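There are 2 protein chains.
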Amino acid sequence: MVALCLPSLHLFFYPSSSFRSSFYSPYKTPISLPKLCASLIAREEVPEAEEPPLPSSLRGVDRKPSSIPEGAVTPLSVDFNAWYLDVIAKAELADYGPVRGTMVIRPYGYAIWEAIQEYLNAKFKETGHSNMYFPQFIPYSFIEKEASHVEGFSPELAVVTIGGGKELEEKLVVRPTSETIVNHMFTQWIQSYRDLPIMINQWANVTRWEMRTKPFIRTLEFLWQEGHTAHATAEEAEKEALQMIDVYKKFAYEQAAIPVIAGRKSKAETFAGASCTYTIEAMMGDRKALQAGTSHNLGQNFSRAFETQVVIVPIWKKGNERIGVLSTAASVEQILKSAEIKVKIDNSEQRTPGWKFNFWEMKGVPVRIEIGPRDVANGSVVVSRRDVPGKLGKDLGISMEPSVLIAHVKSTLEDVQASLLRRATLFRDRNIVDVSSYEELKEAISQGKWARGPWSASLCHLDNPSDVEEQKVKEETGATIRCFPFDQPEGSKVCFMTGNPAEQVAIFARSY
Amino acid sequence: MVALCLPSLHLFFYPSSSFRSSFYSPYKTPISLPKLCASLIAREEVPEAEEPPLPSSLRGVDRKPSSIPEGAVTPLSVDFNAWYLDVIAKAELADYGPVRGTMVIRPYGYAIWEAIQEYLNAKFKETGHSNMYFPQFIPYSFIEKEASHVEGFSPELAVVTIGGGKELEEKLVVRPTSETIVNHMFTQWIQSYRDLPIMINQWANVTRWEMRTKPFIRTLEFLWQEGHTAHATAEEAEKEALQMIDVYKKFAYEQAAIPVIAGRKSKAETFAGASCTYTIEAMMGDRKALQAGTSHNLGQNFSRAFETQVVIVPIWKKGNERIGVLSTAASVEQILKSAEIKVKIDNSEQRTPGWKFNFWEMKGVPVRIEIGPRDVANGSVVVSRRDVPGKLGKDLGISMEPSVLIAHVKSTLEDVQASLLRRATLFRDRNIVDVSSYEELKEAISQGKWARGPWSASLCHLDNPSDVEEQKVKEETGATIRCFPFDQPEGSKVCFMTGNPAEQVAIFARSY
Numbered sequence: 001m002v003a004l005c006l007p008s009l010h011l012f013f014y015p016s017s018s019f020r021s022s023f024y025s026p027y028k029t030p031i032s033l034p035k036l037c038a039s040l041i042a043r044e045e046v047p048e049a050e051e052p053p054l055p056s057s058l059r060g061v062d063r064k065p066s067s068i069p070e071g072a073v074t075p076l077s078v079d080f081n082a083w084y085l086d087v088i089a090k091a092e093l094a095d096y097g098p099v100r101g102t103m104v105i106r107p108y109g110y111a112i113w114e115a116i117q118e119y120l121n122a123k124f125k126e127t128g129h130s131n132m133y134f135p136q137f138i139p140y141s142f143i144e145k146e147a148s149h150v151e152g153f154s155p156e157l158a159v160v161t162i163g164g165g166k167e168l169e170e171k172l173v174v175r176p177t178s179e180t181i182v183n184h185m186f187t188q189w190i191q192s193y194r195d196l197p198i199m200i201n202q203w204a205n206v207t208r209w210e211m212r213t214k215p216f217i218r219t220l221e222f223l224w225q226e227g228h229t230a231h232a233t234a235e236e237a238e239k240e241a242l243q244m245i246d247v248y249k250k251f252a253y254e255q256a257a258i259p260v261i262a263g264r265k266s267k268a269e270t271f272a273g274a275s276c277t278y279t280i281e282a283m284m285g286d287r288k289a290l291q292a293g294t295s296h297n298l299g300q301n302f303s304r305a306f307e308t309q310v311v312i313v314p315i316w317k318k319g320n321e322r323i324g325v326l327s328t329a330a331s332v333e334q335i336l337k338s339a340e341i342k343v344k345i346d347n348s349e350q351r352t353p354g355w356k357f358n359f360w361e362m363k364g365v366p367v368r369i370e371i372g373p374r375d376v377a378n379g380s381v382v383v384s385r386r387d388v389p390g391k392l393g394k395d396l397g398i399s400m401e402p403s404v405l406i407a408h409v410k411s412t413l414e415d416v417q418a419s420l421l422r423r424a425t426l427f428r429d430r431n432i433v434d435v436s437s438y439e440e441l442k443e444a445i446s447q448g449k450w451a452r453g454p455w456s457a458s459l460c461h462l463d464n465p466s467d468v469e470e471q472k473v474k475e476e477t478g479a480t481i482r483c484f485p486f487d488q489p490e491g492s493k494v495c496f497m498t499g500n501p502a503e504q505v506a507i508f509a510r511s512y
Numbered sequence: 001m002v003a004l005c006l007p008s009l010h011l012f013f014y015p016s017s018s019f020r021s022s023f024y025s026p027y028k029t030p031i032s033l034p035k036l037c038a039s040l041i042a043r044e045e046v047p048e049a050e051e052p053p054l055p056s057s058l059r060g061v062d063r064k065p066s067s068i069p070e071g072a073v074t075p076l077s078v079d080f081n082a083w084y085l086d087v088i089a090k091a092e093l094a095d096y097g098p099v100r101g102t103m104v105i106r107p108y109g110y111a112i113w114e115a116i117q118e119y120l121n122a123k124f125k126e127t128g129h130s131n132m133y134f135p136q137f138i139p140y141s142f143i144e145k146e147a148s149h150v151e152g153f154s155p156e157l158a159v160v161t162i163g164g165g166k167e168l169e170e171k172l173v174v175r176p177t178s179e180t181i182v183n184h185m186f187t188q189w190i191q192s193y194r195d196l197p198i199m200i201n202q203w204a205n206v207t208r209w210e211m212r213t214k215p216f217i218r219t220l221e222f223l224w225q226e227g228h229t230a231h232a233t234a235e236e237a238e239k240e241a242l243q244m245i246d247v248y249k250k251f252a253y254e255q256a257a258i259p260v261i262a263g264r265k266s267k268a269e270t271f272a273g274a275s276c277t278y279t280i281e282a283m284m285g286d287r288k289a290l291q292a293g294t295s296h297n298l299g300q301n302f303s304r305a306f307e308t309q310v311v312i313v314p315i316w317k318k319g320n321e322r323i324g325v326l327s328t329a330a331s332v333e334q335i336l337k338s339a340e341i342k343v344k345i346d347n348s349e350q351r352t353p354g355w356k357f358n359f360w361e362m363k364g365v366p367v368r369i370e371i372g373p374r375d376v377a378n379g380s381v382v383v384s385r386r387d388v389p390g391k392l393g394k395d396l397g398i399s400m401e402p403s404v405l406i407a408h409v410k411s412t413l414e415d416v417q418a419s420l421l422r423r424a425t426l427f428r429d430r431n432i433v434d435v436s437s438y439e440e441l442k443e444a445i446s447q448g449k450w451a452r453g454p455w456s457a458s459l460c461h462l463d464n465p466s467d468v469e470e471q472k473v474k475e476e477t478g479a480t481i482r483c484f485p486f487d488q489p490e491g492s493k494v495c496f497m498t499g500n501p502a503e504q505v506a507i508f509a510r511s512y
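Residue numbers (my numbering), protein chains in the order written: chain A, 1 to 512; chain B, 1 to 512.
These are calculated hints, taken from the structure and not from any lab test.
Bear in mind that the values here come from a model prediction, so they are computed numbers and not experimental data.
Where chains are identical, the list cannot tell them apart; a pair therefore holds if satisfied intra-copy or between any two copies.
Taking lysine-lysine pairs in the DSS-like style, the calculated list, with each CA pair at most 27 angstroms apart, reads:
id : residue 1 : residue 2
1  : K125      : K356
2  : K342      : K125
3  : K342      : K356
4  : K125      : K90
5  : K337      : K123
6  : K344      : K125
7  : K145      : K166
8  : K344      : K239
9  : K166      : K214
10 : K123      : K342
Using the sequences plus the hints, can you model the full thing?
This is the structure we're talking about:
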């Protein structure tokens, strides 16, 4: 069981050197393609009633073990990591780049990013943000200026030392994030409170020299967006930060069907240079699919954040059936397109229908329509939903009459979304254990679960007296504080570690 | 007079080492934000009947001359270059980045890029292309593999030598363009003709270590898109290349109102590593505006490729007029929005109406609506078009009745677009001189015009016997062959330089 930081939200305050009578706060709200895709790919998909087994230990193996034959998808029950990498390769989401730790995002993977961009861009603009673009080369001195920033990022920097064939006088950092350069520009643009607020966003590539990499989870270069704003008052900045968390959370629940937990980071896990970081944490779903042991039940489903909603597979045996089936499939395609449902016909003749079923299931298309000669004769189709395997997921004899077919497909798409979210929420909730002692925490973590319990951590902007205890938990269990959730139980609390009064519960888990 | 390469289109052929029985051709169709914006900003805007004067010599001055007071826009008649930089700063299109030669693209400038992306992305998808993303770090050995590529790009490379605090074993190039890495991946993805065609596109940042830089014209890092495709036959690749040129050309004419000339590059001007390059060339319009000498007639107009189409300026003097004027302005805004016209009210009370007129003219908003107390009383507004200065450009007493107002604004927007294109085409055509001798060419170039004449250049893929003469023209006049236009005059031709038979006319001009 691992916690995945889906979109992480950072808030931090710089006192402005040019504007001391008040203060402003650039904050940054990044969402990254890699981690979101990983979360979508590795979502759990299991019968709701079943209990999850103990998790496999997740080693950071970057390539498929040699024992699995080339070309086959490693069964999830054998090796979660290899299965994950195989799905990415087979569904053509991404490929390895020639430089260690880089990846090429292929059309199917990039389409997910485009859907995310389209949704979030509209929300960002609705909430008053403008897009901009900052240069990716940052003077090395900028990084050094921010002491805590340089400490956090120095080990991860890619540095340009040669430009135009000559050694540079000042080395340039390839942006790992844009705070320093954004702040540099903000101080030039902000002359008085009349220039506030500034609310901008950037879609960009960033670079971090990670040692252990895995496609979509951690790569040297990745795509993200980072929002930065400056406000006249702390209250306005806080309001903005909470508003943007809400945009992310809505996206996760309503578009990606990922039941994230929103909260505040502990000091130890706070973004380098920030005084406080907010986060939304998603739970990856590898455990249950391991027990199911069905190597073809691949467990990814991209739901709404996905290009293709419906695939039509025409089926015929005899040559004289071909034209009728294909023209009917084309009519069905038109009917669905007229209702703005995204649809694709797979009419290639080099593959069998069975091969196509597997292929599109692996690609994560939520709804499949099958059309054979009998369907043509009956004026009906078969509608299969991706999230319910076998006959249970098939609706036979759905009329081709446009209003009936459209209503059925739309309601099936809604059902798939709702069902995914319900299952993921169930999975999440039964894997979070409320603990009241360190022993209970250790037990929960050793079972691969998340542990939630009162923790005497400080609030934002204050020193954190429990840094030492937090470090001890990390060393002894491998778990870190993922967040102090915004949703807190009521009543007085006692820190399970120190016995001191605690203001909030924290969530501990192992993470990527 | 300078020629500006707006979108340049490159076609070149790699024989595939893994697929020798046929061949495929990655080609690249980049359009870059910087140059497009520069062309939009510096478009000409003069009375149609007037003749252009001799051009000023355009020195590569990167900052405003110190004789102009800080804060003022340098008159165009004094210094085209300083005027250009001032407009970019005052209209808040871009700002200088902290690293020499980089720029920050501000919301107003970035909105142009977003409009371009939105338009072209739809066209690319309609024509069967998918978006992807390739890593920006390229092993140095990839660049070295392509001998002609390395020759073309080596002087312009930014090189990463340190990663994660350590000296790298192999240096990494920050992509100046993506051919080498795209080709590397294509050879892995293409196993047989069944995998063809591959048609992909990438929106990305690229880096070139330019020594002389200017915002939007040449910067160390810039945003662009590059399309790459692989085909089974040369005919299919050629068809694709011509189709994509046409997409660009339509965009330039129909959206940006820039009358580009499409054609083929000479060998000397061909993209490094390519055997043939196509291009679309636009003429920058600084000459005429210099003669007009009106420092406030700033000459940029972003036409359709622009966020704001209409700005509403409410005007009142007495306090009791304020509410009526503002609520009427809000109604007019709603009426226009209901017709999907992009509109903004400037109701700030810190600025006078006159200041707002200037500001929005400088920003290039094509239509302004003025609403004063008398208009409120009459139920009418004043509609001013940006491209016709003074009273001639004002339509008084336009009814606020929605159907009348919408029709009037839409037809004014169409008129502005058509008028811009007509003027730019007139300007372009009267600055292209047909020459039949080298003397005539020298005379035309010395007047800052473009010269068009028969040139005994080879066709694509053959050696070019006139490289030496082309070099001579460049050294003696500063002009290069911008392209062999697709539109060619009929009849037999004699090379004006050598007296040999010529197949085509070429266009010569000085360029940025």
